[in-house]
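> Using our numbering, you'd call the opening residue of the sequence shown number 19 and step up by one each time.
You may find that some hints are simply not true.
Below 30 Å or equal to it, Euclidean Cα-Cα: the simulated DSS-like pairs (lysine-lysine) are [stated by the list, open to error]:
(1) K49 <-> K32
(2) K29 <-> K49
(3) K90 <-> K20
(4) K49 <-> K93
(5) K60 <-> K90
Pair ranges (Cβ atoms, derived) [what the hints assert, rightly or not]:
(6) L33 <-> Q85: 30 to 40 Å
(7) K90 <-> S54: 29 to 39 Å
(8) K24 <-> K92: 18 to 28 Å
(9) K49 <-> K89: 37 to 47 Å
(10) K20 <-> T75: 35 to 45 Å
(11) N88 <-> L64: 18 to 28 Å
(12) K80 <-> E42: 23 to 33 Å
(13) S83 <-> N57: 14 to 24 Å
(14) L77 <-> S52: 14 to 24 Å
(15) T95 <-> Y48: 46 to 56 Å
(16) R21 <-> E87: 16 to 26 Å
(17) S51 <-> K93: 12 to 22 Å
Bear in mind the hints are in silico, worked out from the structure with no lab data behind them.
By construction, the Cβ of each residue, glycine as well, lies at the ideal position given by its N, Cα and C atoms.
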Amino acid sequence: MKRYTKEEKIKICKLFLESNSKYEDFSKCYKLSSISLRNWVKNYNLFGDGAFDNSKTHLEEKLRSLQKENKKLKKTT
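Produce the complete structure using the sequences and hints provided.
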């Protein structure tokens, strides 16, 4: 399967969101799975153009932030 660059993923997400297509139909045009497209669009909606910037690192930072917040909330109860 082809590897897509950050720019390609953003372009595909924008095109998908502007279309009235179903995930399955649209993903066939770009030869990727509908699950991949669904995940890309979900990330794009959450993080915008930064969605594909070292996504693993970004998610790890988000996880750490949420873990800290949970600890604070547990201490206040």
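> Please go over all the hints and tell whether each is borne out by the structure.
Against the structure, the hints come out as follows:
no.	hint	result
1	K49 <-> K32	17 Å, holds
2	K29 <-> K49	15 Å, holds
3	K90 <-> K20	43 Å, violated
4	K49 <-> K93	49 Å, violated
5	K60 <-> K90	28 Å, holds
6	L33 <-> Q85: 30 to 40 Å	36 Å, holds
7	K90 <-> S54: 29 to 39 Å	36 Å, holds
8	K24 <-> K92: 18 to 28 Å	37 Å, violated
9	K49 <-> K89: 37 to 47 Å	44 Å, holds
10	K20 <-> T75: 35 to 45 Å	23 Å, violated
11	N88 <-> L64: 18 to 28 Å	19 Å, holds
12	K80 <-> E42: 23 to 33 Å	29 Å, holds
13	S83 <-> N57: 14 to 24 Å	21 Å, holds
14	L77 <-> S52: 14 to 24 Å	22 Å, holds
15	T95 <-> Y48: 46 to 56 Å	48 Å, holds
16	R21 <-> E87: 16 to 26 Å	34 Å, violated
17	S51 <-> K93: 12 to 22 Å	43 Å, violated
Violated hints, in rising order: 3, 4, 8, 10, 16 and 17; the structure is consistent with all others.
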